[in-house]
Amino acid sequence: MIYLDNSATTETNSTVISSFKKVAEQYFGNPSSIHELGGEVEKLHNQARKQAAQLLQVEQKEIIFTSGGTEGNNLAIKGIALKHQKRGKHIITSSIEHASVYETCKSLEELGFRITYLPVNEEGKIDLGQLKRAITEETILVSIMHVNNEIGTVQPIDDIGNILSDYPKVFFHVDAVQGIGKVPLSLKNSQVDLCTISGHKIHGLKGTGLLYVKEGTTLFPLFHGGNQEFGIRSGTENVAGNVSIVRALRLIKEKEQSQSEQLMNLHDQLYEELRNIDGVFINSPKNGAPHIINVSVLGLKPEVVIHALYEKEIIISTQSACSSKQSDKSRVLSSCGFSDERSISGLRISLSYDTTENEIKNFIIKFRETIEQLKEILE
Amino acid sequence: MNYDHILIRYGELGLKGKNIKQFILQLQKNIQQALIDFPKVRVTRSQGRMFIVLNGESPEPIIDKCKNVFGIYSMSLAIKVENNEEAIKEGALSALTQSKEAKTFKVSVRRANKRFLIRSQELNRILGAHLLKNSSDYTVDVHHPDVEVKVEIREKATYITSTVIRGAGGLPVGTGGKSLLLLSGGIDSPVAGYLMMKRGVKLEMIHFHSPPFTSERAKQKVLDLTKVLTEFGGTINIHLVPFTKLQQEIFKVIPERYAMTVMRRVMLQISERVCEKKKILAMSTGESLGQVASQTLASMNVINEVTNLPVLRPLVGFDKEEIINYSKRIGTYDISVRPYEDCCTIFVPKSPVTNPTREKVNYLEKDTDFSELIHEAVEKIQLIKVDNKPESQDNFDELL
Chain A
1 MIYLDNSATT ETNSTVISSF KKVAEQYFGN PSSIHELGGE VEKLHNQARK
51 QAAQLLQVEQ KEIIFTSGGT EGNNLAIKGI ALKHQKRGKH IITSSIEHAS
101 VYETCKSLEE LGFRITYLPV NEEGKIDLGQ LKRAITEETI LVSIMHVNNE
151 IGTVQPIDDI GNILSDYPKV FFHVDAVQGI GKVPLSLKNS QVDLCTISGH
201 KIHGLKGTGL LYVKEGTTLF PLFHGGNQEF GIRSGTENVA GNVSIVRALR
251 LIKEKEQSQS EQLMNLHDQL YEELRNIDGV FINSPKNGAP HIINVSVLGL
301 KPEVVIHALY EKEIIISTQS ACSSKQSDKS RVLSSCGFSD ERSISGLRIS
351 LSYDTTENEI KNFIIKFRET IEQLKEILE
Chain B
380 MNYDHILIRY GELGLKGKNI KQFILQLQKN IQQALIDFPK VRVTRSQGRM
430 FIVLNGESPE PIIDKCKNVF GIYSMSLAIK VENNEEAIKE GALSALTQSK
480 EAKTFKVSVR RANKRFLIRS QELNRILGAH LLKNSSDYTV DVHHPDVEVK
530 VEIREKATYI TSTVIRGAGG LPVGTGGKSL LLLSGGIDSP VAGYLMMKRG
580 VKLEMIHFHS PPFTSERAKQ KVLDLTKVLT EFGGTINIHL VPFTKLQQEI
630 FKVIPERYAM TVMRRVMLQI SERVCEKKKI LAMSTGESLG QVASQTLASM
680 NVINEVTNLP VLRPLVGFDK EEIINYSKRI GTYDISVRPY EDCCTIFVPK
730 SPVTNPTREK VNYLEKDTDF SELIHEAVEK IQLIKVDNKP ESQDNFDELL
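Residue numbers (this note's numbering), protein chains in the order written: chain A, 1 to 379; chain B, 380 to 779.
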C-alpha cells in the first residue's frame, strides 16, 4: 500500500505508541497530587513541557498542551475574542483557513464579532497590502495559517508579523498544524503570539496537541476547572498523550534537519510528472510546502478516482478530510479563483518523510493508468 | 560575510589596579565555563581585549549565555577581516546590514596600526560613502546614531563591530570570596543570591528541610532554583540540613509567638558551623526590612545575636514588587511560586512577635539546650553539588 494522505493524518510512529503505553501503565498518577507518586508524574510532565519548549525555542510556560489542532485553534481564537472583546470586536483571517479556524470565526459572528476574510490570489496567498488596510482600531486578532492543508500554500508569516509589529494591540495567531516539521517557522523573536500544533499530523496520536501562547498573551479559557496548564486549560493532564506528542515533535524536528531536501526533491519530481499528464491541472503553487500537491482531473469525479486508486492500493484524498463530507466544491480552490469544475474535482496527494522515490514512481504509473481507464469507461 | 568573533568589554574591572590580572583570568574562566556546551568556541585574550572566537557556531545562543556572566559590561559581534581597503569595506557593509532595526549610523575608524596607509579621517569618509551607496534605508547621523560601525585596524587584522549588547555588569564570580546563602525556596533568597554573585561572590547554599512536614517536591524546588543560579555562578554546593527534630523541639518548648524567632537563631547557628567548616566568611539572606515579622529591625537584632559573622542582606532596601521583577528576570520566579510547604511556612504562629528583645528571647531559651540537636543536624547534613550542565534526564529520556 502506498499512503499519500499524510495531510489527513500520518502513520503513528511505533516508538510514540510505546512511549504512550509505558507512561499510561507506569505513570498513571495525577501530576497535581501531592504524594510522591504524583510528584514523579509531575516531573515527567514538566520534562515533556521543557523538551517541547526547547524544540520550539520558546519558554516552558508558553507551552499549553491541548487535545489537538481543533482545540488549539478554538482556544486561541475564542480565547482572545472573549478576553479582549472590550477593546474591539474585529478579527482578520483568510478565506482559505482550515475549518477549525474558519468555522470558529463564523461562530463568533453570531456573538456580534465582525470578521474580515481576506481573499487570496491564485497561489492561495493573502495580499499584505490588503491585510494592512483591513486593520482598524477595533481589530484584536489576526489568524493566518502557516501552510494550507489543501494546496500547500505557505503564507508569509514573517512579513505578516512585521506588519503587525506596528500594531502592538493586535494578537497574531498562526495555525501551524500542516507546516510544523515541514516548513521552517521561527517562533523565537517573532511577532507570533499563538501557534497551533497537532500530534497526529506528525506521526503522533490523535487527541494530542499543543498551543504556543507567548508570555503576556491572555486568553479566556474554553475549559474551567482545576487550573491545570497555567489556568488556561483545566482538566487532568493527558500525561501519556503529552509525553507522546513531545516525542513525535522531537522525531519530526530531527527529520526536518536531515531529510527536508530529500522531501523537496520528491515533491519537485512529483510536480513535474503530474504536470506532464494530459488533462491534469495542478492547483498547488510551485513553491508551496514540500508535502502537499493538489490536482484536478477535469471531467472525473474525485471520489471515483480515489476509489479506483484504492483498488490499486494507493491512498490519496479529496480536499481536506475535515470538509470532504460536507460539500462538493472546495472553499479553498474557489477562493483561489479556480472554476467550479476545477474546484469540485480537487485531489490531494500528501507526502511524509517516509515516502520513497519508488512509491512516487509507482503512484505516477498507477495514476496515469487509472485516469486512462476511467476516461475510456466514460467515453 | 558573517560575524566570527564576539568582543567582550569589561567595565568596572578597569578600576581594579594591581588585581586586574586575576579578575580578567577569572572572567575568562567563567566565560569558558558558561560556554561549555559549545566545544568549538574559544575564549582568547590579546592586547587587553577579550574575544570569543566562534569557529562557525551561531552567535545568538552564545550571547544569551554570556549575558549571564558577571563582569561583562558589554559585547559586540565582530567581523575579522584582512588589513586592506576592499575587505574592510565589505566587512563594514555586512556589519551595518546585520543591524536590522537601525535606521541611522556613523562610522568610526581607529587606526592602531599606523602602517596602514589610509588615515582614520579619510577612511571614515570612504566607508561612509560606501555604506550609503550600497544599502538602502540607512542615513548618517554622527551625533545620535542607532548603530555605530566601529572599525579597528590592528597589527594583524581589522575588527569591525556594530551593535553593542549590554552584559550583566558586576564582577566575575569567584573574585569576591564565598558566602553561604540561606535558601528557603521562596521568591527572595534566590534574588539575594543573584545579587551576591553579581558582586563577584561564589555561593554555597544551606537549606533546612523537615520531612515529612516538607516534601520531596519542596527539596526539588530548591535544587531547581539552585540550577537556575548556576547559570550565573557555575557549580554550587547545597548543604541540606535535616531540621525536623529541632523544629519540633522549638515549637514544643518555646511559646508560639517566639518560636519563629528562636528557629531563626538556631538556623544561623547551624549556618555558622557550616561556614566554619568550609572557611566561608559571611552568610547572606533574602531578608528585606519590614517584610514579615521576622524581618523587622528588632527581629534582626535578636536573631543576629547568635553569630558574629557578617549576615549580608542585599534585598534590605527592596520592595516586594522590585524583588518579584528581579526574580522574573533571572528566571527563578516560576519555580519559587510552586506551592509546596517549606520549613518557614509550616508551624507559622498566628501572631508572631514583631518586636522581640534579646533579654526576653534569652530568658525563653535558658531552660533548653539545643546544642546537641544542633550538633546532630550538622553531622547529618547532606551535601549536593549542582552544576550548570543540562540536567541528566536518564529516567525519562527513553520516553521522550
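I should point out that these hints are in silico values taken from the structure, not numbers from a laboratory.
Please read all numbers here as calculations on a predicted model, not as lab measurements.
Some hints could be false.
Claimed, not checked - 27 angstroms max Cα-Cα, derived BS3-like pairs, lysine-lysine:
1) A:K50 with B:K764
2) B:K535 with B:K468
3) A:K61 with B:K768
4) A:K188 with B:K444
Unchecked claim - Non-contacting residues of chain B with respect to chain A, defined by C-beta distances greater than 12 angstroms in every case (computed):
5) L433
6) S594
7) R596
8) R717
9) N774
10) L778
Cβ coordinates follow ideal geometry from the N, Cα and C atoms, glycine included.
Comparing the hints with the structure gives:
At most 27 angstroms may separate the alpha-carbon atoms for a hinted pair to count; K50 (chain A) and K764 (chain B) meet this at roughly 22 angstroms. Between K535 (chain B) and K468 (chain B), the direct Cα distance comes to roughly 17 angstroms. Compliance with the 27 angstroms bound is thereby established for this hinted pair. Distance restraint check for K61 (chain A) and K768 (chain B): the Cα-Cα separation of roughly 21 angstroms lies within the 27 angstroms cut-off, and the hinted pair is therefore satisfied. Between K188 (chain A) and K444 (chain B) the CA atoms are separated by roughly 16 angstroms; this keeps the pair inside 27 angstroms, and the hint holds.
Listed as outside the interface, L433 (chain B) is consistent with that label: its C-beta sits roughly 19 angstroms from the nearest C-beta of chain A, beyond the 12 angstroms cut-off. With a closest Cβ-Cβ approach of about 7 angstroms to chain A, S594 (chain B) is found to fall inside the 12 angstroms limit, against its non-interface label. Against chain A, the non-interface label of R596 (chain B) is violated: not every CB pair exceeds 12 angstroms, the least being about 5 angstroms. Non-interface status of R717 (chain B) relative to chain A is broken: a Cβ of that chain comes within 12 angstroms, the nearest being about 10 angstroms off.
Here N774 (chain B) does not stay apart from chain A, with its beta-carbon only about 8 angstroms from theirs, under the 12 angstroms limit. Annotated as non-interface, L778 (chain B) brings its C-beta within 12 angstroms of a C-beta of chain A; the closest such distance is 5 angstroms.
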